[in-house]
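Here the protein sequences come in this chain order: A and B.
Heads up: the first sequence is residues 80 to 200, going by this note's numbering.
Heads up: the second sequence is residues 80 to 200, going by this note's numbering.
Careful, some of the hints might be misleading.
One copy or two, either will do: identical chains are not told apart, so a pair holds if it fits within one copy or between any two.
Heads up, simulated DSS-like pairs for lysine-lysine below, C-alpha to C-alpha not over 30 Å straight-line [stated by the list, open to error]: (1) K108 with K130; (2) K190 with K170; (3) K87 with K148; (4) K148 with K88; (5) K170 with K187; (6) K174 with K108; (7) K148 with K95; (8) K187 with K173; (9) K88 with K108; (10) K174 with K190.
Source of the hints: derived by calculation from the structure; they are not laboratory data.
Remember, it's a predicted structure, so these values are computed and weren't measured experimentally.
2 protein chains.
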Amino acid sequence: MTTEEVAKKVVELTRKQAWHEALDTLYDKDIVSVEAQGMGGGSPEIRGIDKVRGKTDWWVQNMQVHTAKVGGPFVAHDHFVVQYDIDVTDKNSKKRMQMSEVGVYTVKNGKIAREEFLPLT
Amino acid sequence: MTTEEVAKKVVELTRKQAWHEALDTLYDKDIVSVEAQGMGGGSPEIRGIDKVRGKTDWWVQNMQVHTAKVGGPFVAHDHFVVQYDIDVTDKNSKKRMQMSEVGVYTVKNGKIAREEFLPLT
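Assemble the whole structure, with the sequences as input and the hints as a guide.
What follows is the structure in structure tokens.
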């Protein structure tokens, strides 16, 4: 797939919260995923499809998503950007949060090889 | 300046269309600037503050900006993203255009060392 095709598929799948289908079909097995901050003091950068799948599982298990607005994609060369506005409740703390962030994705050989998430600041 | 400080200054200056002040105060002299497509069949990538200033001069001379909506910044580590929704008229062709794009910026040593622009696709 071209960068644009991957980008449009990410938007389509995240709009319906099909996180696992996105991972299984669009991600390189050596994906590097970078958050603004590591969870629990850990590294903000994780590597490999299994660890990214673990992060996604944690998200699905712990967050009740009320709405997820997905903007974009913005595409050029081997990069694309997707904007997320997400309204969730943490199932443990019962705290409701509105989060805005962008994902900056790098595509290599038709797969997502790198993703970085940047929160609205 | 930190990445966040540079990012907030870019948003502040582009909101008031102070393009030259942004260039003079925030950009590294060896800035690499990447557009989705090169102008007139040229390379999409240009290097050096003088060439970026030339691109900015061309923009200011050729475009009448009706409104420029600037969203963000989204910040993490050495990167930030700004979203632009711009309503302009090309002074030569008289064609009015609405453009949405994001800029993905890389900060090194307190200056913008790289910028990439990705249009809404």
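Hints versus structure:
{"no.": "1", "hint": "K108 with K130", "verdict": "within (10 Å within a copy, 39 Å between copies)"}
{"no.": "2", "hint": "K190 with K170", "verdict": "neither (32 Å within a copy, 41 Å between copies)"}
{"no.": "3", "hint": "K87 with K148", "verdict": "both (15 Å within a copy, 24 Å between copies)"}
{"no.": "4", "hint": "K148 with K88", "verdict": "both (15 Å within a copy, 27 Å between copies)"}
{"no.": "5", "hint": "K170 with K187", "verdict": "neither (36 Å within a copy, 39 Å between copies)"}
{"no.": "6", "hint": "K174 with K108", "verdict": "neither (34 Å within a copy, 46 Å between copies)"}
{"no.": "7", "hint": "K148 with K95", "verdict": "both (10 Å within a copy, 28 Å between copies)"}
{"no.": "8", "hint": "K187 with K173", "verdict": "neither (39 Å within a copy, 39 Å between copies)"}
{"no.": "9", "hint": "K88 with K108", "verdict": "within (18 Å within a copy, 38 Å between copies)"}
{"no.": "10", "hint": "K174 with K190", "verdict": "neither (35 Å within a copy, 38 Å between copies)"}
Comparing the model with each earlier hint shows violations of hints 2, 5, 6, 8 and 10; every other hint is respected.
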